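K.L.:
Spelled out, the chains give:
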Amino acid sequence: MMKYLEKIGDDFFYYLDQAGRMGIFLFHCLLGILKPPYKLGPTIRQIHFIGARSLFVILFTGAFTGMVLALQGYYALRKVGSEGFLGSAVGLSLIRELGPVLTALMVVGRAGSAICAEIGIMRNSEQIDALECMAIDPHKYLMAPKFIAGIISLPLLTFVFDVIGIFGGYLVGVGMFGVNEGAYFQGMYSSVEWRDIHMGIVKSLVFGLLIIWIAASKGYFLHFERSGGFGAEGVSRTTTNAVVLSSVTILVWNYLITAILL
Amino acid sequence: MEEIGKETGKEGGKPIIELIDVVKSFKQQKVLDRVSLTIREGTTMVIVGGSGQGKSVLLKHMLGLLKPDQGKVLVFGRDLARVSKGELKDVRKEYGVLFQNVALFDSMTVFDNVALPLRERTKLGENEIRAQVEEKLSMMDLEGTGEKYPAQLSGGMKKRVGLARALILNPRIVFFDEPTTGLDVSRSNEIYRLFYKTQTRLKYTAVIVSHDVPKIFKLADYVALVADGKIQECLTPEDFQLSENPAIKSFVKETMGPIYSSEEEEMGFYEADQR
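Order-wise, the sequence lines are chains E and H. When we follow our numbering, the leftmost residue of the first sequence carries the number 1, and every step to the right adds one. When we follow our numbering, the leftmost residue of the second sequence carries the number 1, and every step to the right adds one.
It is worth saying that the hints were derived from the structure and are not from the lab. Warning: the hint list may mix true and false statements.
Sample of chain H residues lacking proximity to chain E, with all beta carbon distances greater than 12 Å (derived) [stated by the list, open to error]:
| no. | residue |
| --- | --- |
| 1 | LEU63 |
| 2 | GLY71 |
| 3 | ARG92 |
| 4 | LEU104 |
| 5 | GLU135 |
| 6 | GLU143 |
| 7 | LEU202 |
| 8 | HIS211 |
Here are the simulated PhoX-like pairs of lysine-lysine, each with C-alpha atoms no more than 25 Å apart in a straight line [to be verified]:
| no. | chain 1 | residue 1 | chain 2 | residue 2 |
| --- | --- | --- | --- | --- |
| 9 | H | LYS14 | H | LYS123 |
| 10 | E | LYS35 | H | LYS123 |
| 11 | E | LYS39 | H | LYS218 |
| 12 | H | LYS230 | H | LYS253 |
| 13 | E | LYS35 | H | LYS85 |
| 14 | H | LYS93 | E | LYS35 |
| 15 | H | LYS27 | E | LYS3 |
| 16 | H | LYS14 | H | LYS230 |
| 17 | H | LYS85 | E | LYS39 |
| 18 | H | LYS215 | H | LYS253 |
| 19 | E | LYS39 | H | LYS123 |
| 20 | H | LYS197 | H | LYS230 |
| 21 | H | LYS93 | H | LYS60 |
| 22 | H | LYS230 | H | LYS72 |
| 23 | H | LYS215 | H | LYS197 |
| 24 | E | LYS7 | H | LYS27 |
| 25 | H | LYS27 | H | LYS14 |
| 26 | E | LYS39 | H | LYS93 |
| 27 | H | LYS72 | E | LYS35 |
| 28 | H | LYS197 | H | LYS249 |
| 29 | H | LYS203 | H | LYS253 |
| 30 | H | LYS67 | H | LYS230 |
To give an idea of the chain E side of the interface with chain H (calculated C-beta under 10 Å), a few residues [as the list claims (entries may be wrong)]:
| no. | residue |
| --- | --- |
| 31 | GLN18 |
| 32 | SER82 |
| 33 | GLY84 |
Treat the numbers as computed from the prediction; the structure is a model and nothing was measured. Glycine is no exception: its CB is placed at the ideal position from the N, C-alpha and C atoms.
Model the full assembly from the supplied sequences, consistent with the hints where possible.
P.N.:
Pasting the structure below:
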């Protein structure tokens, strides 16, 4: 019994410690964004890495998500004779929920894992210590461009995902099932309001911050991992943890934001 | 070729690094137990000791990468355990560090690695940066390697790039963590020659953690032995080798003595090998 209680207490303090460290890390990174000098080059390189290089996977998933939404939506709406609402069903689902969430999950898999591994290897090979000893703030030099890039790229990728998804739905709904083209777009136009778009933007901004925060801090504090962060196995284990934690956090925050903004 | 070796026991200037009763434990294990050490400006302090005795932990305290549980780490009179992040950064502006595994940024070219401190810490233009980087690379006999990546270099070359990066801003203190680990004898000598050449020219204070005994004694003004979590003694290399301190005698015997403790033991190993 005592051992069990000890284990719970140990776990509690471990996670509290980790949460505190991550909180302070985020604070320093946000401070790093605000502190001059402002260098555009590293930020653009990160936007290219997180944003531009995720474009293909976003186009692909966006198109197929829109297509399957139209497929399922048409099947359900036909039962009640409301195929005309297909456009609004596809549009609302994508803009409010699926666009931001699936884009974020794709970016977690593609860029979040890479960021965690990159920072983790830098930690293991003393490159972060070297930066600190050179009086270069790693929060500003390494992390700030990634945070800015994440916050800029996610809404843009979500926008691309939504647009491609809507056209994917159009292909299936109008092209395959013969739903009226005007009804598809008119239904969407009349049902999607500014607050739906606003919700999508807020979600993608928050997800952008969360992805970079979790991935970068997991890599940065690799040496504090209880399971042992050193070596190639440590990096791979921490990267897996970062991906899982980011994905779960995104789904939890998706619910919270929806509940708050609804 | 330049002769390595110099007059040892130089008095040096005022104390630049002072460790006062530093205690550090990791979980239950006390790694440093009331360690005190003074390093004076312009001198070369060599810290020796067996594996796991706390040499690197001691160095990390001087670098501000670890904070002591008790005691003070004074650098330029400022206690690194109690300074703000900004003050620590100011202290580190006077540092150059050559890490054991060099810690070069592997996604950057050699040129960019050496140029990084100049780009991030000064407002120099790209032409001036290029001139300074090329000068340092040439000082390290690394002309023509600027466009290569660290992975394309040999161990010795990586160390020289690391040294060029450590010296690019002409620091007042340079720390060397096992500078010749993993290098063969001739590459090690090359690093020592470069150390001697650059220190003579740039007049920096050097702190070297090493187990390359006795060769490293040629470069030292003072040698400190870390054993059992304490600085056993800090002496000139000559006095160190003649010391009657049991810990030093044992260290000198282990590192500089014969492999076998007696002729019989050597014969015993030889015969076992034959069997």
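K.L.:
Evaluate each hint against the coordinates.
P.N.:
Structure-based check of all given hints:
1. A cut-off of 12 Å between C-beta atoms contradicts the statement that LEU63 of chain H is not in contact with chain E; the least separation is 5 Å.
2. With a cut of 12 Å on Cβ distances, GLY71 of chain H stays outside the contact zone with chain E, its closest approach being about 21 Å.
3. At roughly 4 Å from the closest C-beta of chain E, the C-beta of ARG92 of chain H falls inside 12 Å, breaking its exclusion from the interface.
4. Under the 12 Å C-beta cut-off, the non-interface status given to LEU104 of chain H relative to chain E is violated; the minimum distance is some 8 Å.
5. Remark: the non-interface label on GLU135 of chain H is consistent with the geometry, its nearest Cβ contact in chain E lying 19 Å away (cut-off 12 Å).
6. No Cβ of chain E comes within 12 Å of the Cβ of GLU143 of chain H; the nearest lies about 24 Å off, and the non-interface call holds.
7. Its beta-carbon lying about 17 Å from the closest one in chain E, LEU202 of chain H satisfies the requirement of being farther than 12 Å from that chain.
8. Non-interface call for HIS211 of chain H relative to chain E: holds, since the shortest CB-CB distance, roughly 19 Å, exceeds 12 Å.
9. Restraint check for LYS14 of chain H and LYS123 of chain H: not satisfied, since their Cα atoms lie roughly 31 Å apart, outside the 25 Å limit.
10. This hinted pair checks out: LYS35 of chain E and LYS123 of chain H have alpha carbons roughly 16 Å apart, not beyond 25 Å.
11. Simply put, LYS39 of chain E and LYS218 of chain H have alpha-carbon atoms about 45 Å apart, too far for the 25 Å limit, and the pair is violated.
12. As the CA atoms of LYS230 of chain H and LYS253 of chain H are separated by approximately 19 Å, the hinted pair is consistent with the 25 Å bound.
13. For the suggested pair LYS35 of chain E and LYS85 of chain H, the alpha carbons sit about 14 Å apart, so the restraint of at most 25 Å is met.
14. Pair hint LYS93 of chain H plus LYS35 of chain E holds up; C-alpha atoms about 18 Å apart against a cutoff of 25 Å.
15. At roughly 19 Å between alpha-carbon atoms, LYS27 of chain H and LYS3 of chain E fall within 25 Å of each other, so this suggested pair holds.
16. Pair hint LYS14 of chain H plus LYS230 of chain H holds up; C-alpha atoms about 23 Å apart against a cutoff of 25 Å.
17. Between the alpha carbons of LYS85 of chain H and LYS39 of chain E the distance comes to roughly 22 Å, so the proposed pair stays at or under 25 Å and holds.
18. Proposed proximity of LYS215 of chain H and LYS253 of chain H is supported: the alpha carbons are some 15 Å apart, at most 25 Å.
19. For the hint linking LYS39 of chain E to LYS123 of chain H, the alpha-carbon distance of about 13 Å falls within 25 Å, and the restraint holds.
20. Only pairs whose Cα atoms come within 25 Å are accepted, and LYS197 of chain H paired with LYS230 of chain H is rejected, the gap being roughly 32 Å.
21. Among the hinted pairs, LYS93 of chain H with LYS60 of chain H is consistent with the structure: their alpha-carbon atoms are about 16 Å apart, no more than 25 Å.
22. Distance check on the hinted pair: LYS230 of chain H and LYS72 of chain H sit about 15 Å apart at the alpha-carbon level, within 25 Å; holds.
23. For a cut-off of 25 Å, the pair hint linking LYS215 of chain H to LYS197 of chain H stands: about 16 Å separates their Cα positions.
24. A threshold of 25 Å between alpha carbons decides the hint, and for LYS7 of chain E with LYS27 of chain H the separation of about 17 Å falls inside it, so the pair holds.
25. Between LYS27 of chain H and LYS14 of chain H the CA atoms are separated by roughly 36 Å; this puts the pair beyond 25 Å, and the hint is violated.
26. Pair hint LYS39 of chain E plus LYS93 of chain H holds up; C-alpha atoms about 21 Å apart against a cutoff of 25 Å.
27. Among the hinted pairs, LYS72 of chain H with LYS35 of chain E is inconsistent with the structure: their alpha-carbon atoms are about 31 Å apart, more than 25 Å.
28. A hinted pair counts as satisfied when its Cα atoms are at most 25 Å apart, and LYS197 of chain H with LYS249 of chain H does not qualify at roughly 31 Å.
29. Proposed proximity of LYS203 of chain H and LYS253 of chain H is contradicted: the alpha carbons are some 33 Å apart, above 25 Å.
30. Between LYS67 of chain H and LYS230 of chain H, the direct Cα distance comes to roughly 17 Å. Compliance with the 25 Å bound is thereby established for this hinted pair.
31. A hinted interface residue such as GLN18 of chain E counts as satisfied when its beta carbon comes closer than 10 Å to some beta carbon of chain H; here the least separation is about 17 Å, so the hint is violated.
32. At about 54 Å, the closest approach between the beta carbon of SER82 of chain E and any beta carbon in chain H exceeds 10 Å, and the interface hint on this residue is violated.
33. Against a cut-off of 10 Å between C-beta atoms, the interface hint on GLY84 of chain E is violated, since the closest Cβ of chain H lies about 54 Å away.
Checked against the numbered hints above, the structure breaks hints 1, 3, 4, 9, 11, 20, 25, 27, 28, 29, 31, 32 and 33 and satisfies the rest.
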